[in-house]
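Protein sequence lines, in the order shown, are assigned to chains A and B. If you read the first sequence in the numbering used here, its first letter stands for residue 3, the second for the next number, and so on. If you read the second sequence in the numbering used here, its first letter stands for residue 14, the second for the next number, and so on.
Keep in mind that the hints were calculated from the coordinates and are not lab data. Wrong hints could be hidden among the right ones.
Derived DSS-like pairs: lysine-lysine, alpha-carbon spacing no greater than 27 Å straight-line [claimed, not checked]:
no., chain 1, residue 1, chain 2, residue 2
1, B, LYS69, B, LYS84
2, B, LYS67, B, LYS18
3, B, LYS67, A, LYS24
4, A, LYS46, B, LYS112
5, B, LYS67, A, LYS54
6, B, LYS81, B, LYS50
7, B, LYS50, B, LYS112
8, A, LYS11, A, LYS54
9, B, LYS67, B, LYS50
10, A, LYS73, A, LYS42
11, A, LYS21, B, LYS81
12, A, LYS21, B, LYS112
13, B, LYS84, A, LYS43
14, B, LYS81, B, LYS69
15, B, LYS84, A, LYS46
16, A, LYS21, A, LYS46
17, A, LYS54, B, LYS18
18, B, LYS67, A, LYS11
19, A, LYS38, B, LYS18
20, B, LYS18, B, LYS50
21, A, LYS73, B, LYS81
22, A, LYS42, B, LYS50
23, A, LYS54, B, LYS112
24, A, LYS11, A, LYS38
25, B, LYS81, B, LYS112
26, A, LYS11, A, LYS69
27, A, LYS24, A, LYS69
28, A, LYS38, B, LYS69
29, B, LYS112, A, LYS69
30, B, LYS18, A, LYS46
31, B, LYS50, A, LYS24
32, B, LYS84, A, LYS42
33, B, LYS67, A, LYS38
Computed from a prediction, not measured in an experiment: that's the story for all the values here.
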Amino acid sequence: DTAVSQTPKYLVTQMGNDKSIKCEQNLGHDTMYWYKQDSKKFLKIMFSYNNKELIINETVPNRFSPKSPDKAHLNLHINSLELGDSAVYFCASSLGTSGSKKLYEQYFGPGTRLTVT
Amino acid sequence: DQQVKQNSPSLSVQEGRISILNCDYTNSMFDYFLWYKKYPAEGPTFLISISSIKDKNEDGRFTVFLNKSAKHLSLHIVPSQPGDSAVYFCAAGIDNTDKLIFGTGTRLQVFP
């Protein structure tokens, strides 16, 4: 029973196209994230949402637009794809560190390897 | 500006011995630290965490030590097993921000 799932696992597309990656968590968590792991293996946060509200937006180009239809889903839409967007994108979720119950750990999905040609 | 650093890209240890993975950080505002393990083609898996008010946390074969004055933490795995072979990331965060800063990872190989 997968806790954090992402689709698709692999995505190959051409420059200029628009694509989406979907993420779902069944852990009942309030906070969800998108991370990018580039070719140098740096894992960097892009966005976080808490109960459908954008909390963190890390200097990510406007071509990237997250959408959270409900707190169990956080999708990532990318417009006008560029070669530099090639990376592995990870979705994650957590209970969050604000509020009375704090659990720091974030749970990650399996990743989506995006290749832009 | 890399706030969390893992200076050893790789480590090779014999099965049964202790593995020690190191992590240094620069931001004294960090309140909590975590270690993740990652297998190829999978997402990072949470291993163990430690709050800045503690200097040690233990969970089975895994122990994390925190030295705040040196801004250094380490993960000890004992005894090491071949299944521990993976990339290990340390991460740090500031309370009430939900934002984790990851190190670049250390590839651990445990050989028989």
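Taking the hints in turn, this is what the structure says about them:
Under the criterion of a C-alpha separation no larger than 27 Å, the hint pairing LYS69/B with LYS84/B is consistent with the structure, at around 14 Å. Distance check on the hinted pair: LYS67/B and LYS18/B sit about 20 Å apart at the alpha-carbon level, within 27 Å; holds. The straight-line distance between the Cα atoms of LYS67/B and LYS24/A is roughly 38 Å, outside the 27 Å bound, and the hint therefore fails. Restraint check: the Cα-Cα separation between LYS46/A and LYS112/B comes to about 10 Å, which is no more than 27 Å; the hinted pair holds.
Restraint check: the Cα-Cα separation between LYS67/B and LYS54/A comes to about 33 Å, which exceeds 27 Å; the hinted pair is violated. At roughly 23 Å between alpha-carbon atoms, LYS81/B and LYS50/B fall within 27 Å of each other, so this suggested pair holds. Distance hint between LYS50/B and LYS112/B is fulfilled; the C-alpha atoms sit about 18 Å from each other, no more than 27 Å. Using a Cα cut-off of 27 Å, the hinted pair LYS11/A and LYS54/A holds, with the two alpha carbons roughly 24 Å apart.
Simply put, LYS67/B and LYS50/B have alpha-carbon atoms about 22 Å apart, close enough for the 27 Å limit, and the pair holds. Taking the CA atoms of LYS73/A and LYS42/A, the gap is near 31 Å; set against the 27 Å cutoff, the hint is violated. With a C-alpha separation of about 44 Å, the suggested pair LYS21/A and LYS81/B falls outside the 27 Å cut-off, and the hint is violated. Note on LYS21/A and LYS112/B: the hinted pairing holds, with a Cα-Cα distance of about 26 Å set against a maximum of 27 Å.
For the given pair, LYS84/B sits about 23 Å from LYS43/A by alpha-carbon distance, which is consistent with the 27 Å threshold. This hinted pair checks out: LYS81/B and LYS69/B have alpha carbons roughly 11 Å apart, not beyond 27 Å. Between LYS84/B and LYS46/A the alpha-carbon distance is near 21 Å, which keeps this suggested pair within the 27 Å criterion. Taking the CA atoms of LYS21/A and LYS46/A, the gap is near 20 Å; set against the 27 Å cutoff, the hint holds.
Proximity of LYS54/A to LYS18/B is assessed by CA-CA distance (about 32 Å); at most 27 Å being required, the pair is judged violated. This hinted pair does not check out: LYS67/B and LYS11/A have alpha carbons roughly 38 Å apart, beyond 27 Å. Note on LYS38/A and LYS18/B: the hinted pairing holds, with a Cα-Cα distance of about 18 Å set against a maximum of 27 Å. Distance check on the hinted pair: LYS18/B and LYS50/B sit about 16 Å apart at the alpha-carbon level, within 27 Å; holds.
A distance of roughly 36 Å separates the Cα atoms of LYS73/A and LYS81/B; the hinted pair therefore is violated under the 27 Å criterion. Taken as a hint, the LYS42/A and LYS50/B pair is honoured in the structure, with Cα atoms around 17 Å apart against an allowance of 27 Å. Note on LYS54/A and LYS112/B: the hinted pairing holds, with a Cα-Cα distance of about 16 Å set against a maximum of 27 Å. For the hint pairing LYS11/A with LYS38/A, the CA-to-CA distance comes to about 14 Å; that is within 27 Å, so the pair holds.
Proposed proximity of LYS81/B and LYS112/B is supported: the alpha carbons are some 20 Å apart, at most 27 Å. Restraint check for LYS11/A and LYS69/A: the C-alpha separation of about 19 Å stays at or below 27 Å, so the hint holds. Restraint check for LYS24/A and LYS69/A: satisfied, since their Cα atoms lie roughly 9 Å apart, inside the 27 Å limit. Distance hint between LYS38/A and LYS69/B is unfulfilled; the C-alpha atoms sit about 30 Å from each other, more than 27 Å.
As the CA atoms of LYS112/B and LYS69/A are separated by approximately 19 Å, the hinted pair is consistent with the 27 Å bound. For the given pair, LYS18/B sits about 13 Å from LYS46/A by alpha-carbon distance, which is consistent with the 27 Å threshold. Pair hint LYS50/B plus LYS24/A holds up; C-alpha atoms about 23 Å apart against a cutoff of 27 Å. A distance of roughly 24 Å separates the Cα atoms of LYS84/B and LYS42/A; the hinted pair therefore holds under the 27 Å criterion.
For the given pair, LYS67/B sits about 30 Å from LYS38/A by alpha-carbon distance, which is inconsistent with the 27 Å threshold.
This entry does not satisfy hints 3, 5, 10, 11, 17, 18, 21, 28 and 33, going by the numbered hints stated previously.
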